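Hey, can you work out the whole structure from these sequences and the hints?
Read off the chains here:
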Amino acid sequence: MWTAGRLWRVLMAVAAIAALAALFGPADRWLGVDIGATGASVFVLAMAAAITWLATKPGEVFPEDWSLSERRGWVGLLVTALILLTFGKFLWLLSHVDPVPERIGELPGRNLISLLVVLGIAWGVCARVLARGAGPVGEDERDLRMRYGADQAGDLALALAVVNGVVLLVVMPRELLAWWLEPLVLANLLVGLLIFRNFVEHVVLVARYALARR
Amino acid sequence: MSDIAISNRIRVLRAARGVTQEQLGSACGVTRQTIIALEAQKYAPSLELAFKLSLALGATLDEVFQFEEKK
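Protein sequence lines correspond, in order, to chains A and B.
Quick note on numbering that gives the first Met the number 0: the first sequence kicks off at 0 and runs consecutively.
Quick note on numbering that gives the first Met the number 0: the second sequence kicks off at 0 and runs consecutively.
Just so you know, the hints here were simulated from the structure itself, not pulled from any lab data.
Check before you lean on any hint, since a few could be wrong.
Stretch by stretch, here's where chain B covers chain A in the computed footprint (C-beta under 8 Å, at least three residues) [to be verified]:
| # | stretch |
| --- | --- |
| 1 | 65-72 |
| 2 | 140-153 |
Here are some chain B residues pointing at chain A (derived, C-beta under 10 Å) [what the hints assert, rightly or not]:
| # | residue |
| --- | --- |
| 3 | E21 |
| 4 | S25 |
| 5 | V29 |
| 6 | T30 |
| 7 | Q32 |
| 8 | T33 |
| 9 | I35 |
| 10 | A36 |
| 11 | L37 |
| 12 | A39 |
| 13 | K41 |
| 14 | Y42 |
| 15 | E47 |
| 16 | L48 |
Take a look, some chain B residues computed to stay more than 12 Å from chain A by CB distance [as the list claims (entries may be wrong)]:
| # | residue |
| --- | --- |
| 17 | A4 |
| 18 | R8 |
| 19 | A14 |
| 20 | G17 |
| 21 | G57 |
| 22 | L60 |
| 23 | F64 |
| 24 | Q65 |
| 25 | F66 |
| 26 | E67 |
The structure presented is a predicted model; accordingly, all values stated were derived computationally and were not measured.
Glycine included, C-beta positions come from ideal geometry on N, C-alpha and C.
Written out as structure tokens, the structure is:
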């Protein structure tokens with residue numbers, strides 16, 4: 000029997016596999032199929048289906064004892080995880096370009112930047128759609144407490160990452176740091192730090208809600 | 000969160016007054032999920048919310064909440 004919950008999990012699994020295929024699929028065709036392009040198309044379709052489902056029957060997707068803030072936290076966790084993966088792939092592509100481009104227009108992986116834009120839009124739409132299905136009160140003191148703790152964890156993760164960067168700058172030989180200190184690489188790393196902070200915040204947020212129910 | 004020393008009788012008092020979790024939440028400015036967490040003794044409310052709950056349930060603070068000092 001295909002329950003709504005099981006169908007939702009299957010849809011999320013399909014979206015995740017499609018996103019991985021789009022990001023890490025082989026450059027060559029496989030049995031005549033462009034894995035990357037097919038993965039990207041399936042991912043967009045799965046996202047569209049998920050948003051439509053959320054908009055029409057939010058109660059089927061999330062348990063009823065999950066607040067709007069927790070539901071948003073899970074969506075945020077999924078999106079930031081995908082953004083982090085996309086960003087990792089982008090840095091990997093950048094590391095294979097020699098010399099490092101000096102202008103933004105020369106950066107590799109334009110399709111990945113498009114994917115990031117799609118993810119950002121999907122995140123915004125999901126947040127709005129979820130708010131429509133919420134009760135008369137959107138967020139309350141319990142949600143704010145949860146968010147405060149998650150914010151602190153995100154800040155701590157960011158501080159640790161910055162300290163780690165400082166230690167590496169001091170300890171590592173200059174020739175090994177040359178690539179990392181290229182202006183466009185450095186700029187992307189700083190953006191990556193912010194994405195990482197956001198990801199940690201969402202991990203801690205959903206974990207705090209889950210632990211509070213135990 | 001089983002170490003919460005503050006317990007409550009919200010579920011009993013709410014049922015006695017025929018109020019739904021949604022209605023009680025709206026009256027106190029909190030979500031239904033917070034009422035669920037409170038009734039499951041998984042959340043200790045702020046003092047302000049405790050007073051609001053007592054008022055909404057038409058009971059005193061002592062009747063709604065109990066504090067047990069853990070040793």
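Right, here's what the structure says about each hint:
Counting residues of the stretch 65-72 of chain A whose beta carbon lies closer than 8 Å to any beta carbon of chain B gives 4, which meets the minimum of three for the stated coverage. Coverage of the stretch 140-153 of chain A by chain B holds. Counting CB-CB distances below 8 Å, 3 residues qualify, and the rule asks for three or more. Checking E21(B) against chain A: minimum C-beta separation of about 6 Å stays under 10 Å; hint holds. A hinted interface residue such as S25(B) counts as satisfied when its beta carbon comes closer than 10 Å to some beta carbon of chain A; here the least separation is about 5 Å, so the hint holds.
Restraint check, V29(B) versus chain A: the minimum CB separation of about 4 Å is within 10 Å; hint holds. Among the interface hints, the one on T30(B) holds; its C-beta lies about 5 Å from the nearest C-beta in chain A, closer than the 10 Å criterion. Annotation: Q32(B) was flagged as interfacial toward chain A, and the flag holds, the nearest CB pair being 4 Å apart, inside 10 Å. Residue-level restraint check for T33(B) holds (minimum Cβ-Cβ distance to chain A is 5 Å; threshold 10 Å).
Checking I35(B) against chain A by beta carbon gives a least distance of about 5 Å; that is within 10 Å, so the hint holds. Hint on A36(B) holds. Least Cβ distance to chain A is approximately 7 Å, under the 10 Å limit. The beta carbon of L37(B) comes within 9 Å of a beta carbon in chain A, closer than 10 Å, and the hint placing it at the interface holds. Given the 10 Å rule on beta carbons, the hint for A39(B) holds: about 8 Å separates it from the nearest Cβ of chain A.
Annotation: interface hint on K41(B) holds; nearest CB of chain A at approximately 6 Å, less than 10 Å. With a least beta-carbon distance of about 6 Å to chain A, the hint placing Y42(B) at the interface is held under the 10 Å criterion. The beta carbon of E47(B) comes within 8 Å of a beta carbon in chain A, closer than 10 Å, and the hint placing it at the interface holds. Because the smallest distance between the Cβ of L48(B) and any Cβ of chain A comes to about 6 Å, under 10 Å, the interface hint for this residue holds.
With a minimum CB-CB distance of about 16 Å to chain A, A4(B) clears the 12 Å threshold, and the non-interface call stands. The Cβ of R8(B) sits about 19 Å from the closest Cβ of chain A, beyond the 12 Å cut-off, so the non-interface label holds. Every CB of chain A is more than 12 Å from the CB of A14(B) (nearest about 18 Å), matching its label as outside the interface. Consistency note on G17(B): stated as away from chain A, and its beta-carbon is indeed over 12 Å from all of that chain's, at 19 Å minimum.
The beta carbon of G57(B) sits about 21 Å from the closest Cβ of chain A, which is more than 12 Å, so the claim that it is off the interface holds. At roughly 17 Å, the least C-beta separation between L60(B) and chain A is larger than 12 Å, which holds for a residue marked as non-interface. Listed as outside the interface, F64(B) is consistent with that label: its C-beta sits roughly 16 Å from the nearest C-beta of chain A, beyond the 12 Å cut-off. Even its closest Cβ contact with chain A, about 20 Å, leaves Q65(B) beyond 12 Å, as expected for a residue assigned away from the interface.
Separation of F66(B) from chain A is adequate, the least Cβ-Cβ distance of about 19 Å exceeding the 12 Å criterion. Under the 12 Å C-beta cut-off, the non-interface status given to E67(B) relative to chain A holds; the minimum distance is some 20 Å.
Comparing the model with each numbered hint stated earlier shows that all of them hold.
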